[in-house]
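**Q** Just so you know, the sequences run in chain order A and B. Here the working numbering is used: the first sequence runs in plain steps of one and ends on residue 210. Here the working numbering is used: the second sequence runs in plain steps of one and ends on residue 1323.
What the hints contain is simulated information worked out from the structure, not anything from laboratory work. No residue lacks a Cβ here, since even glycine has one placed at the ideal position from N, Cα and C. It cannot be assumed that every hint is accurate.
[To be verified] Below, in silico cross-link-like pairs of lysine-lysine (BS3-like), each with a Cα-Cα straight-line distance of 25 Å or less:
(1) A/23 to A/177
(2) B/1157 to B/1295
(3) B/1295 to A/23
(4) B/1295 to A/207
(5) A/105 to B/1190
(6) A/19 to A/207
(7) A/74 to B/1224
(8) B/1157 to B/1224
(9) B/1224 to A/75
(10) B/1190 to B/1287
[As the list claims (entries may be wrong)] Over 12 Å on every C-beta distance to chain A, these chain B residues come out as not near it, computed from the model:
(11) 1185
(12) 1215
(13) 1239
(14) 1264
(15) 1295
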Amino acid sequence: MSIIREFTKGFYKENPVFRLALGLCPTLAVTSSIENGIGMGVAVISVLTCSNFVISLVRKVVPKKIRIPIFIVIIATFVTIVEMLMQAYKPELYKSLGLFVPLIVVNCIILGRAEAYASRNNVIYSIIDGLGMGIGFTLSLVIISSIREFFGNGTLYGYPVLPTSYKPVLILVMAPGAFLTLGYVLCFFNWLDMRFKNRN
Amino acid sequence: MDLGHFFVIIIGAIFINNFVLTKFLGICPYIGVSRKLDSAIGMGFAVTFVMSVASAATWVLYTFLLNPKTNIFHGTDLTYLRTIAFIIIIASLVQFVEMVIQKTSPVLYNALGIYLPLITTNCAVLGVAVLNIDESFSFLESLVHGFSAGIGFTLALVLMAGLREKLDMADIPKPLRGIPIAFILASLMSLAFFGFSGLSLN
Chain A
11 MSIIREFTKG FYKENPVFRL ALGLCPTLAV TSSIENGIGM GVAVISVLTC
61 SNFVISLVRK VVPKKIRIPI FIVIIATFVT IVEMLMQAYK PELYKSLGLF
111 VPLIVVNCII LGRAEAYASR NNVIYSIIDG LGMGIGFTLS LVIISSIREF
161 FGNGTLYGYP VLPTSYKPVL ILVMAPGAFL TLGYVLCFFN WLDMRFKNRN
Chain B
1122 MDLGHFFVII IGAIFINNFV LTKFLGICPY IGVSRKLDSA IGMGFAVTFV
1172 MSVASAATWV LYTFLLNPKT NIFHGTDLTY LRTIAFIIII ASLVQFVEMV
1222 IQKTSPVLYN ALGIYLPLIT TNCAVLGVAV LNIDESFSFL ESLVHGFSAG
1272 IGFTLALVLM AGLREKLDMA DIPKPLRGIP IAFILASLMS LAFFGFSGLS
1322 LN
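With the hints as extra help, turn the sequences into a complete structure.
**A** Take a look at the structure:
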């Protein structure tokens, strides 16, 4: 396996949100604006990379039966570090992400990668995998949050892009809009996948 | 003891701030286990039980060990250990529930299959524990909040499972089949629950 393929698989082929349907709670909850989406994405990238690194370091000494609690404690440690850093340097982001910062611990992507990848592969590959998957997750957050912010608020990354005569579709930045956007984006990616398969 | 106050917490957690449909907690099992009504009901009650016990256990842990104002270490601030401590408690609780269900009801155990250990990574459980602390609830309030949030989760899950069983018969465009249509359903359901936010209970 090549490093580049390991790195890029998270972008489309094994994208955690669109292809594997993992980590859906933060995908829905923090995507009301691009800024929140990117903030959450960066937090997940750092936790995922660090936890993949440590878990692949200890993978040979961890007994199989209690591996899940050990993985969770490792992940929770890094989440606590990220939480404290964010509280200190980005207090506003911390406030708007709120509950979902400690909840990175139970993001299925992180435990999923620990179980499926980092506990079976060497350190270098695990770091690459963590980075790639994290970036894939961030990409999907950015896609969903741009749709929601554009139509629901008429802005992109906080800058107004639509004329003031545009009436924002407010429902898109609220809870039902999150489900609706994700549903249609998933549908689009399914359709894309089918087109590719038919062509081959 | 003010019963009206508990009523507000219960109605709030089940309808107004439904964990799944307005707070986006516990989406993975909501989409993953809602294909069959039976397993949805089983999963719902397992989660409700874990959430109630976890609320009580994490409240005790936070108050007596972590919170500097009330802990037994005379003011040592250990609140930064909150996330780690809570997830360990929840993981052991889930392990315990899994063993109990395996002994008492093998049918239910087989039906829930891989989703039982996944309750650990159900954000609704950790979410309710953290929310109890953020809202500075008392012990009884935490317990009631945890239980009613679990009931709210079960309600959303069972409603969804009922709809998806009907959906199996429907002729849906191919790319929408499976998860995408489930999200669009969830969106409509969430829209309906949005109506409850007009209730003001105070």
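**Q** Of all the hints given earlier, name the ones this structure violates by number, lowest first.
**A** Per hint list: 1, 10, 12, 13 and 15 violated.
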